[in-house]
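Asks: Okay, here's what each chain looks like letter by letter:
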Amino acid sequence: MTSSLMEGNEAIAWAAVQAGCRFFAGYPITPATTIYQQMLRLLPPVGGVCLQGEDEIASIGFCLGASMAGLKAMTATSGPGISLISEQISFAIAGEIPLVVVDVQRLGPSTGSATRGADGDIQFLRWSNSGGLPVIVLAPVDVRDCYTLTVHAFNLAERYRCPVFLAVNKEIGMTRESIDLVNLDLAEPVNRSLFAGTEPFLPFQPPPGSEVPDFLPIGGNRPVRQTSSTHGPDGYITVDPTIIGQRIERLARKFTADIEHYQIYELDSDPFAGTLLIAYGVTARAARQAVRRLRAGGTPVSLLVLKTLYPVPEKLIQAALNPVHLAVVVEMNLGQYVREIERLARGVPIKTFGRMNGELIDPKAIMEAVQR
Amino acid sequence: MSNLINRQRPPVFCPGCSHERAVQSLDHSLQVLDLSGEQVAIVTDIGCSGLFDTFFNTHALHGLHGRSLTYAAGLKMAAPRLTVIVVMGDGGLGIGGAHVLAACRRNLDMTLLVLNNFNYGMTGGQCSATTPQEAVTASGFLNRLEPPLDICTVAAAAGAPWAARFLATEQTLSDKIAEAIRYPGFALLDIWGVCPGRYLRRNRTSLKQLKEKMTRLPEATGRIPVNERPEFGAAYRRESSKIPPAEPVLQVETTFPLTISTRHDVLLLGAAGQHINTAGEIFCLAAMTAGLQVTQKNDYPITVLRGHSISEVVVSPSPIDYTGIEIARVIVALAAAGVSRRQSLFSRIDDDCLVIKASEVTVPPHSGREVRVDFDRMAIAPANRALASLAILVRENVILTEKMLLTALNLAFTGKRLQEARAVIERCLASQ
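Going line by line, the protein sequences match chains A and B.
All the letters of the first sequence, read from the start, carry residue numbers 14 to 385 under this note's numbering.
All the letters of the second sequence, read from the start, carry residue numbers 1226 to 1657 under this note's numbering.
Any given hint might turn out to be false.
[As the list claims (entries may be wrong)] Here chain A is said to cover these stretches of chain B; the calculated rule only asks that three of the stretch's residues, wherever they fall, bring their Cβ under 8 Å from a Cβ of chain A:
id: 1; segment: 1280-1292
id: 2; segment: 1297-1305
id: 3; segment: 1474-1488
id: 4; segment: 1513-1524
[As the list claims (entries may be wrong)] One side only, chain A facing chain B, incomplete, derived with CB under 7 Å:
id: 5; residue: Met14
id: 6; residue: Ser17
id: 7; residue: Arg54
id: 8; residue: Leu55
id: 9; residue: Gly78
id: 10; residue: Ala82
id: 11; residue: Pro221
id: 12; residue: Glu224
id: 13; residue: Gly232
id: 14; residue: Arg238
id: 15; residue: Ser241
id: 16; residue: Gly245
id: 17; residue: Gln302
The hints are simulated quantities; they were obtained by calculation from the structure and are not laboratory data.
We treat Cβ as the ideally placed atom computed from N, Cα and C, and that holds for glycine.
Next up, chain A with everything else stripped away, as it sits in the complex (with noise of 0.2 Å):
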């Protein structure tokens, strides 16, 4: 057996070149840096193009051009980043423009803690686009996460072509961790769907039976037209309500209606069980720890691990709260994710704990938390 030492940020990089990332631009920001870093090392070699822009708006700008150019692109910021390059996200989606954004999260709010942890951005990404459009959102949990979870990223940017979050830890994006990598489960990489009619391309007119428009890269044999405003299936802009609207609808439902197929989770269910606990990213190790610790303690718990967070996987999270009375939600915030676990209650009631100080949440802390 083998095993290799890697931190979070290292084995994004190396998945995402793994699953055909041939473009990476960034600016530097702590904990994110060494993403960019270890992109600069990696992509040169392999072909691809590695920048560091004038600031974050500039390097996800550079992704876009570069996207739209045909490449699988992707950039790395932190909460700060995020909040610069909010109107670029909202371009990507609008312009169905296939992307990997990592986030990896500090604690804020504002510039706050550079080298602290936190999942402080969870509804954030969510809702960081004008128009508030859905967005897909992946949340690692351990190194393992940061590898599969990336190539997924990259599938799911390509296949609904939108802008796929991950929401990393700066506890999981900067913690090194052993791994092996010989017995990696990683998904076979998805490539976008080229247009090959013969007819006049419509950019944003998906093929009958589906909700994503094929590609065609600018620069290729066919002139391409990429817009950021309201426009109908030829790239033009529309003022024709029915089109605007059947554009947006098409944009929300393109990929929600298809999470069943991309809700990924750990459910460790115990039949006894009246508490289920949910958590995600980094505090669902704890909440690991924690729930092992009740069950020996003779306190049956269930526990949901979220790693698909956005589309909410609704139909999993009602099933797993019908068997229990109670469910209790653990997360480094002061209680974000949890408004969704709330609005799908239906009556069980909802515990939420929170915390953002900087540190971990441990699992005493949740133990202790499920027990009040």
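Once you've looked at the hints, dock chain B against the given chain A.
Replies: Just chain B now, kept in the frame of chain A:
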């Protein structure tokens, strides 16, 4: 070559708008250059100038205010053969100022046409970064307080190898645009025009006046020899082709039997310069040679050459969940700076915790088993003390064996560094 004007979408500018002249001139220059639609990408942002991409049968990318240069850079790096033309107004110039400066410094082969009409036409005629102080605008007195910016002077200072100022009505505008496009690097053409819908209604401005005004500015007619240098994309590809393939990730073989049956939390408490982080990594690699799982977190201030340095390592024969330190099984105390940051952990430890303490360091009261090490007496320099502490672990028969540690050194170091590290370990193991 036929023209690239989109006949289905004729220009929709106000009568007399200089932008229409710019559209015709750009089309003419594309014809002169014999470029077809799929060879050209027109990148625009917000404002009346942002309509440009819709008038041409070329590739088009229309994005956010002031950010067009960012998309253009990504496009050009991904598709180097594409002729990339960025069109922005004086509004985009202001809001995207950082990108303009960066584009001048970067020198990617693309053309920036600034359609400069001295105001925000689309939003009602507010002042922009280029509005004259004497102009009457929708921004009240505000533009009287700030002088206009001459983008050509700025571009030259920022390193642009080509910048020129031109009137939209000049017959030779299309020649100048063609010259800018042909230039093998970043070329900025500041095209002065009038905005009949907004600016002209409040300001009697003639093209003659504009021309006269131009003559009072520093000359900007094209090439700036002092800034001419290799184009960024070509230089990038040349440099990046020299970068060797990345070293594959180090694989650690499990060669030794497990040394512990439960999770052990280990703390290395030291200061900058003691190579705490490296020792933590060696410890992890050594543990991995026995099939143990590990996590390692480092904590140090941004002043990496001063202050505390802490490594928190967890080793376990089973998967590690919580990565924080609950009850330490090993504490290595090498400097007061590190100890003071983790004071509270000492009160929690019990007698199965090994505390390795440099003789000059004071630690809080604790119930652990303390081993005092006089590194000075062993002639071990501060930079090697964290590494030497790993040898103490071997000596005390805790988690690591000598073979595990030496294997880890072989994985992490080569050459002289390896010899030195081995010498430190040997010296430490020999002393009692």
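Asks: Which of the numbered hints above does this structure break?
Replies: Violated hints: 11, 12, 16; rest satisfied.
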